[in-house]
Amino acid sequence: MPSFTERTVLFRPRDFSQVANNAGSGGVVNNNITETVNNVTITGSIISVFLQEFIEVSSSTLTYTENNGILPSTNLGATIHVYQNGQKLIATQYTITAPDTITIDANTHYDGANYIVFAIIINT
Amino acid sequence: MASRYQTTVYSEKSRKIVIKIKDSAFSGATTNFDTVSAAIQYDSESSQGMERFTPIIGSRCTLSLIINTQALQTLLDDIGNAVEGRFTLEINGYEDDNSTINFNWYGYIVTDLVEFEDVPVGLGFIAQINAIDGLGWLKTLLYKSEVGPYRGQDTVVQHILNCLNQLDFVQSELVANNLPVLNTVFNWHENTIAYSATNDFSLNTVIQHRVFYHRDTKGNYTYQSCYDILKKICQTFGARLIFSERNYWLIQVNEYYNNPSYHRYFKYEAFGNQVSGNHFLDFTINNLQNDLSNSKLLRLSGGRWSYYSALKNVVIRYNHNAKQNLLAGVEYNYSTNATPESVITPTLDASNVDARLSYTGILNFYATVIPPATFENYQFVFAVKVVSIVNSFPLQNFIGADWTLAGSWSIDKGVLSGTNVAAVAYYTTFTVTANKKYYIKIRVELDNNGTLRLRLGGVTKTITESGDYEFIITATNTNTLQLDSTSSPGFTGKIKQLEVKQESKYLKRNIIYTNGFNFQLEAATWENTFYEYEFNHETITSDNAFVVYKTITFDTLDIPETAEYVWEMRLKEMRNEAGTIINQSNYAISYSFVNNYLEFLPAGTIGGQSDIKEFGSDNDDKSSVVFDLDVFIGDGPSATTSGAMRVKDSSGVFDVSSSWDVTSGQGFNNATQLLVNEVIKGQLTPKSRMIDMPFQNLSVDIPYLPHKVIDYSSGYYVFERGTYDLNTDIWRGDWFKIEY
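Line by line, the protein sequences are chains A and B. When the count follows my numbering, it moves up by one through the first sequence with no breaks and lands on 131 for the last residue. When the count follows my numbering, it moves up by one through the second sequence with no breaks and lands on 741 for the last residue.
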């Protein structure tokens with residue numbers, strides 16, 4: 008008696024026979040986009056860079072007035088650079104007091120020195 | 002459609018045959034012509050391995066007539082220059098009494114197949130004209146309503162009739178004479194419903210129209226031809242469609258082996274109504290070469306015998322295309338913010354508790370302050386309306402008890418009809434709530450120049466053309482749905498479908514601002530009153546800040562009920578840090594949600610999705626021929642699937658089918674697997690076939706017709722193709738032996 012055997016049912020995607028971006032359902036927006044960069048915001052002013060010079064100062068306390076007197080508040084080592092007579096000070100040579108005060112270490116400061124404060128503001 | 006020319010001839014077996022050339026632009030007395038020969042040729046498309054399950058067998062008639070008068074020459078010229086469809090051919094074959102019509106044939110005369118000799122009319126010459134039957138004509142007709150795609154669903158029978166009803170002669174010869182248009186021999190039955198021989202599942206199974214057209218990402222529709230629709234339906238059920246005797250036949254091929262000498266069939270009129278009563282037919286015509294006095298057919302010399310090889314395997318892929326983008330071609334932007342496009346999904350199946358919708362799209366936006374207003378930091382709050390819609394009243398197979406009808410409105414055979422309507426018809430128990438949205442689908446056939454008014458909740462829609470319509474109406478008062486006409490003349494026509502739905506459960510997730518731009522996301526819920534799913538973005542601190550390419554993606558909560566769902570996206574509000582809603586008129590605002598992708602996840606997971614289910618069966622013995630087919634209609638996998646069949650349960654509700662069997666089958670199985678098994682079981686070994694075999698009718702009253710099988714030597718031979726010579730009453734064609 009002739010007979011036959013049923014196969015196991017296969018589940019296939021639509022494009023199984025083609026070479027295509029078969030990224031699966033749900034997340035496929037466009038098969039032509041293979042990489043998506045999320046949440047990039049470009050505004051022209053999202054990153055602001057400020058520079059303020061303090062010439063022949065007679066006090067170790069510098070009051071920052073750029074950016075409406077607001078210094079960066081996070082990641083200070085990277086976002087604030089303080090230079091004395093052209094030489095960058097290391098982090099232990101000054102302290103930051105929010106929002107606008109930079110106090111040079113007493114062992115570093117001397118009256119008549121020139122300072123440059125360089126700040127990067129990232130708006131969020 | 003009047004007969005312009007007519008002839009009466011008699012075959013070798015003394016069968017009276019009347020041939021009419023009909024002209025839709027002619028009125029007057031019928032003139033006679035003489036014919037030399039007339040033959041009907043049936044053809045079927047098939048490829049190796051698939052011959053036995055050819056879905057459509059079309060036919061053409063070749064008629065040779067003598068042209069010996071100027072009037073006949075004019076006829077020829079008219080045929081040659083006519084718009085196709087104007088001239089039709091009708092053939093009536095009679096029984097021995099010369100008055101009872103035994104079979105008919107109808108076809109459209111095709112102008113490019115008209116040929117005649119280069120001889121003066123005075124001498125007379127022979128011209129040959131060809132007509133193709135309605136099935137061939139359907140290749141040129143798109144399966145759509147006059148104003149767009151068909152909406153909703155129809156029974157298998159009604160889908161077929163939607164196609165056949167587009168043929169002129171179906172209307173003029175069958176419908177006008179209250180004759181059945183379609184007969185079915187259909188014996189599959191669905192598992193959830195107790196088997197009954199009187200239950201025709203081609204009538205009790207519905208298919209969504211959505212599976213038969215494509216809407217591209219620009220909103221354009223691509224339709225299939227009526228021929229392709231018929232082909233796909235036949236292929237799904239292992240059936241064939243053929244015009245034979247006096248109407249069309251839908252026959253499941255394997256039923257030819259299921260007691261064909263006394264087999265039940267069902268009759269249907271043009272509107273899909275089943276003709277009552279039990280109908281049985283002897284589908285066999287015997288060929289007893291050694292007992293011709295009892296034989297209906299005489300087999301002549303010249304034919305050949307052959308075999309179809311055994312099938313190695315049968316593979317059928319059910320293309321259910323679950324991974325479909327429900328927002329294809331849809332964009333939301335600020336210019337349409339007040340009236341965002343309402344996308345209505347297919348019915349989403351909530352039977353799996355994890356079923357949900359998954360959305361991904363790209364948001365771009367910016368805002369420019371308009372002086373004298375001054376810029377202030379802001380956040381946009383966007384809102385997505387996700388709401389299920391359920392029946393206000395169900396899809397109508399119109400029942401008189403449900404409706405209040407005045408004037409000429411009437412309900413007959415499930416159709417609401419009116420003639421020069423001047424009064425109102427309304428669904429008696431329907432209550433409208435002001436400010437709620439109602440979603441209406443209606444199929445209207447207009448038979449005059451009148452117009453139909455559909456009114457609901459203070460909103461009026463006027464229908465001026467036949468077709469399927471979808472309306473979304475926001476009720477402004479509580480006036481119920483009313484159908485009437487104020488045109489002159491009043492509406493005359495039929496309303497064949499009507500469905501009204503209303504909003505049910507809304508997805509809610511609010512954003513609650515606590516202090517400045519600090520906010521909390523409220524827990525998401527489904528609610529019975531209007532809410533939206535809200536989301537916001539980071540604070541924008543600069544005027545003209547262009548925010549681009551922000552991917553928004555989220556899944557909804559598990560859907561609360563099996564229903565269609567509506568999806569809309571909009572900008573709800575623009576907030577400042579003080580918590581005040583900014584007046585949007587102070588800004589030039591632009592936003593867009595593009596590349597929108599909304600997918601239904603019936604099992605709640607991406608991994609559970611597929612587009613194709615491939616079914617197969619292998620012959621346990623060696624062989625070499627393969628049967629390979631794609632189908633687009635089947636069981637599920639979910640109620641959302643466009644091609645999912647639904648069957649009518651005992652309460653009249655259409656449920657998604659799950660498994661099927663035939664009367665004496667091998668147990669319940671997925672419809673596509675059942676098809677696989679039905680195909681392979683009849684060709685596990687080589688099958689005998691006749692090629693170019695000539696048979697002459699011996700009985701004038703019971704001639705061979707192609708919906709029948711030849712009973713020869715204890716075997717049933719099923720028609721594949723062939724020619725019926727009306728002069729000699731001889732068939733010459735191919736038949737294969739059916740057995741399993």
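Hints are supplied without guarantee of correctness; some may be wrong.
[Unchecked claim] Take a look, some chain B residues computed to stay more than 12 Å from chain A by CB distance:
hint, residue
1, D44
2, Q71
3, S173
4, Y258
5, Y319
6, K414
7, K614
8, D619
9, K682
10, Y741
[Said to hold, decoys possible] The following label-pair restraints were derived from C-beta to C-beta distances:
hint, chain 1, residue 1, chain 2, residue 2, range
11, A, T81, B, Y550, 45 to 55 Å
12, B, G81, A, S10, 57 to 67 Å
13, B, Y550, A, A98, 29 to 39 Å
14, A, R19, B, D621, 44 to 54 Å
15, A, N82, B, T223, 48 to 58 Å
16, B, V595, A, N82, 26 to 36 Å
Hint data in this document are derived by calculation from the structure and do not stem from the laboratory. Computed from a prediction, not measured in an experiment: that's the story for all the values here. A virtual CB, placed ideally from N, CA and C, is assigned to each residue, including glycine.
Those earlier numbered hints the structure runs against, lowest number first
5, 7, 8, 9, 10, 11, 14
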